[in-house]
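J.: Each chain, written out:
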Amino acid sequence: EDQVTQSPEALRLQEGESSSLNCSYTVSGLRGLFWYRQDPGKGPEFLFTLYSAGEEKEKERLKATLTKKESFLHITAPKPEDSATYLCAVNTGNQFYFGTGTSLTVIP
Amino acid sequence: SAVISQKPSRDICQRGTSLTIQCQVDSQVTMMFWYRQQPGQSLTLIATANQGSEATYESGFVIDKFPISRPNLTFSTLTVSNLSPEDSSIYLCSVEDQAQGYGYTFGSGTRLTVV
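Chains as they are written, first to last, in our numbering: chain Y, 2 to 109; chain V, 119 to 233.
Any given hint might turn out to be false.
Unchecked claim - Now the in silico label distances, taken between C-beta atoms and shown as ranges: (1) V:Pro185 with Y:Lys60: 35 to 45 Å; (2) Y:Ser8 with V:Cys131: 30 to 40 Å; (3) V:Asn190 with Y:Lys70: 37 to 47 Å.
Unchecked claim - Covered by chain Y, per the in silico footprint, the following chain V stretches (three or more residues, Cβ under 8 Å): (4) 156-165; (5) 177-185; (6) 205-218.
Keep in mind that the hints were calculated from the coordinates and are not lab data. Predicted model only: the values in this text are computed from it and were never measured. We put the beta carbon where it would ideally sit given N, CA and C, even for glycine.
Take these sequences, add in the hints, and give me the full structure.
T.: The structure is reproduced here in structure tokens:
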């Protein structure tokens with residue numbers, strides 16, 4: 002069964018404390034893995050697309066990496082404005098599967 | 119990237135009534151997707167709306183409860199009918215976006231509370 006799992010469910014960091022969010026997937030075929038940021042009550046906002054193992058993408062304090070089984074979203078020296086839920090999703094070509102998200106809180 | 123205007127952003131509705139949500143895209147798209155996000159949950163696909171044909175509903179979702187219109191390639195509506203408190207959720211429309219490498223661009227969401 003195709004599945005996308007994110008961990009941890011929630012993460013609290015001190016401002017400046019770097020960490021990583023995990024997205025593991027078991028799907029029959031990967032056409033793309035996507036990371037989104039979602040603020041409370043809003044729609045998900047696109048961050049990155051990754052296609053193949055070894056690929057990396059960066060944007061400001063965020064860096065996404067991909068292996069054959071999982072993806073990591075690394076957050077370097079986070080700021081309070083990085084607080085949000087981070088969702089990953091996998092496109093198999095037939096379906097789009099979402100994880101349940103990691104709720105990140107960055108404390109000043 | 120595509121830009122989607124979704125209305126309303128939030129509403130509080132009485133039990134038994136209906137709410138219609140509108141999504142306008144700034145470009146022509148073949149398919150539009152409607153999602154539900156219940157509190158603390160991830161996104162669940164309700165249906166795929168194709169212009170000129172009936173929407174395709176996912177298991178557990180039926181047309182009588184969630185009628186969808188798709189009159190042209192830039193617009194769609196989702197109606198949530200006969201509301202109950204269990205329908206309280208965020209509803210999202212989305213489109214596949216070539217600029218994202220065929221990820222999805224989402225509308226800003228509609229937060230529905232049923233009382």
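J.: Hints first: check each against the structure and report whether it holds.
T.: Tested hints:
Look at proline 185 of chain V against lysine 60 of chain Y: about 39 Å separates their beta carbons, and that is inside 35 to 45 Å. For the pair serine 8 of chain Y and cysteine 131 of chain V, the supplied restraint of 30 to 40 Å holds, since their beta-carbon distance comes to about 36 Å. Remark: the range hint 37 to 47 Å for asparagine 190 of chain V to lysine 70 of chain Y is upheld by a beta-carbon distance near 42 Å. Note: the segment 156-165 of chain V has 4 residues with beta-carbon separation from chain Y under 8 Å; the three-residue rule is met and the coverage holds.
Under a criterion of three residues with beta carbons nearer than 8 Å to beta carbons of chain Y, the stated coverage of the segment 177-185 of chain V fails, only 0 such residues being counted. With 5 residues having a Cβ less than 8 Å from any Cβ of chain Y, the segment 205-218 of chain V passes the three-residue criterion, so the hint holds.
Of the numbered hints given earlier, the model fails hint 5 alone.
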